[in-house]
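The listed protein sequences correspond, in order, to chains R and Z.
The first sequence maps to residues 1 to 165 in our numbering.
The second sequence maps to residues 1 to 189 in our numbering.
Hints in this document: simulated from the structure, not taken from any laboratory.
Hints should not be assumed to be uniformly reliable.
The calculated lysine to aspartate or glutamate pairs, modelled on EDC-like cross-linking and capped at a C-alpha distance of 16 Å, are [said to hold, decoys possible]: (1) R:Lys43 - R:Glu53; (2) Z:Lys76 - R:Asp108; (3) Z:Lys76 - R:Asp116; (4) Z:Lys76 - R:Glu153; (5) R:Lys144 - R:Asp127; (6) R:Lys144 - R:Asp108; (7) R:Lys149 - Z:Asp108; (8) Z:Lys146 - Z:Asp65; (9) R:Lys149 - Z:Glu180; (10) Z:Lys76 - R:Asp135; (11) Z:Lys160 - R:Glu164; (12) R:Lys9 - R:Asp37; (13) R:Lys87 - R:Glu5; (14) R:Lys9 - R:Glu45; (15) R:Lys11 - R:Glu53.
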Amino acid sequence: MMTIEDALKLKFSCDELSFSQFRDNHRIGVPAEKLFDILAFLKNEHHFDMLVELTAVDYLEYEGAKDRFGVVYVLVSTMNGARLVIKTHVNDPEPLLPSVYSLWKSADWLEREVYDMFGIRFSGHPDLRRILTPDEFTAYPLRKDYPLKGRGERHNFPVLTRAES
Amino acid sequence: MKDVPDNVFMTSLDAAASWARSNSLWPMPFATACCGIELMATASSRFDLARFGAEVMRFSPRQCDLMIVAGRVVMKMLPVLQRIWLQMPEPKWCISMGACACTGGVFDTYAVVQGVDRFIPVDLYVPGCPPRPEQLMAGIIALQDKIKHGGTLNGTEFGKRTQPMGPTPFDLDELIRIREGNEKLIALS
């Protein structure tokens, strides 16, 4: 039987894909423009029918990093329990990725969270709004250039004194 | 005074009203974190907050006169807190319970309000992380004393509190202060 690595190398040009392994953790690095095709291929041909995690990493000022953001998809196959980590990279300005909502419905809130925290937009998402921070929030808090204590958003409220309330 | 029978006693209306209010504080549990667990323990049988007339936890602000902010308040929750506070009928009091509600605690991050007293008036602070039920009860007893000794029938003592309760001077942007401090350190070195 052909492994996933061989199948991917056969279908997509292998020089753009990077394969690595740590213990039982199989990781595939893919270019952003081929991300959707590869994920659709993995879902349809290799039964990765569950998206358990979709998150992002900010590599700003990270030693040896070439790209600003890494976006990580963790897939699980409920047929055989296989687990696969797909990682891609996007860059400033306007980091943009295709939405995988059409493949896995669980991507809905996960992509909203990544958009909320990192400002990475997902084209084709049905309802890309902020999910955790308030709607009027303008920053992306998990970016490395955002200060831990914020830019004063936490003080931006009316003050009630006892005499007037 | 000879005509007054033994079972009649004289007092001021302010004192009578304050006595009644202080012994029937109905808490509004605004419990958002682990302090809320201690608050529940305080209300349940082992510590029995009912001994102080404060056992009726009402989840409608319309029926409460003591707000207990137990736990950290994030910036998304603060408008809710202020709205609930405004919905409570007069007279009302507020206890800030635990380190997070008083100062933000260890959560000195972009989303966590650094003390609810910056945005709503607070009558009494209960320190601790989280405070023991005994501490909360000591706080409620202290608040009862405060009401008994300063309360008025018409609540005129509240009208004098025209200043915000939070730290002064109020920092509009602590980040600016932190940056300036860093620049001073760099200049010194």
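Please verify whether Z:Lys160 and R:Glu164 have alpha carbons no more than 16 Å apart. holds, 10 Å
Pairwise hint evaluation, R:Glu5 against R:Lys87, where the allowed Cα distance is 16 Å at most: Holds. R:Lys87 to R:Glu5 sits at ~14 Å (cutoff 16 Å).
Under the criterion that the straight-line Cα-Cα distance not exceed 16 Å, is the pair Z:Lys76, R:Asp135 satisfied? holds, 9 Å
Does Z:Lys76 pair with R:Asp108 here, judged by a C-alpha cut-off of 16 Å? Outside the cut-off at roughly 22 Å; violated.
Can the restraint linking Z:Lys146 and Z:Asp65 be considered satisfied, given a maximum Cα separation of 16 Å? holds, 14 Å
Given the hinted pair R:Lys9 and R:Asp37, is their alpha-carbon gap at most 16 Å? holds, 13 Å
Is the hinted pair R:Lys144 and R:Asp108 satisfied, with a Cα-Cα distance of at most 16 Å? Not OK: R:Lys144 and R:Asp108 at ~24 Å, beyond 16 Å, violated.
Given the hinted pair Z:Lys76 and R:Glu153, is their Cα-Cα distance within 16 Å? holds, 11 Å
Going straight from one Cα to the other, do R:Lys149 and Z:Asp108 come out at no more than 16 Å? holds, 6 Å
Is R:Lys9 close enough to R:Glu45, meaning Cα to Cα at most 16 Å? Given that 16 Å is the threshold and the Cα spacing comes to 14 Å, the pair holds.
Assess, step by step, whether the Cα of Z:Lys76 is no farther than 16 Å from the Cα of R:Asp116, and give holds or violated. Distance of about 14 Å is within 16 Å: holds.
Are R:Lys43 and R:Glu53 close enough, with their CA atoms no more than 16 Å apart? Roughly 15 Å between the alpha carbons, so the hint for R:Lys43 and R:Glu53 holds.
In summary, the structure is inconsistent with hints 2, 5, 6 and 15 from the numbered list given earlier, while agreeing with the others.
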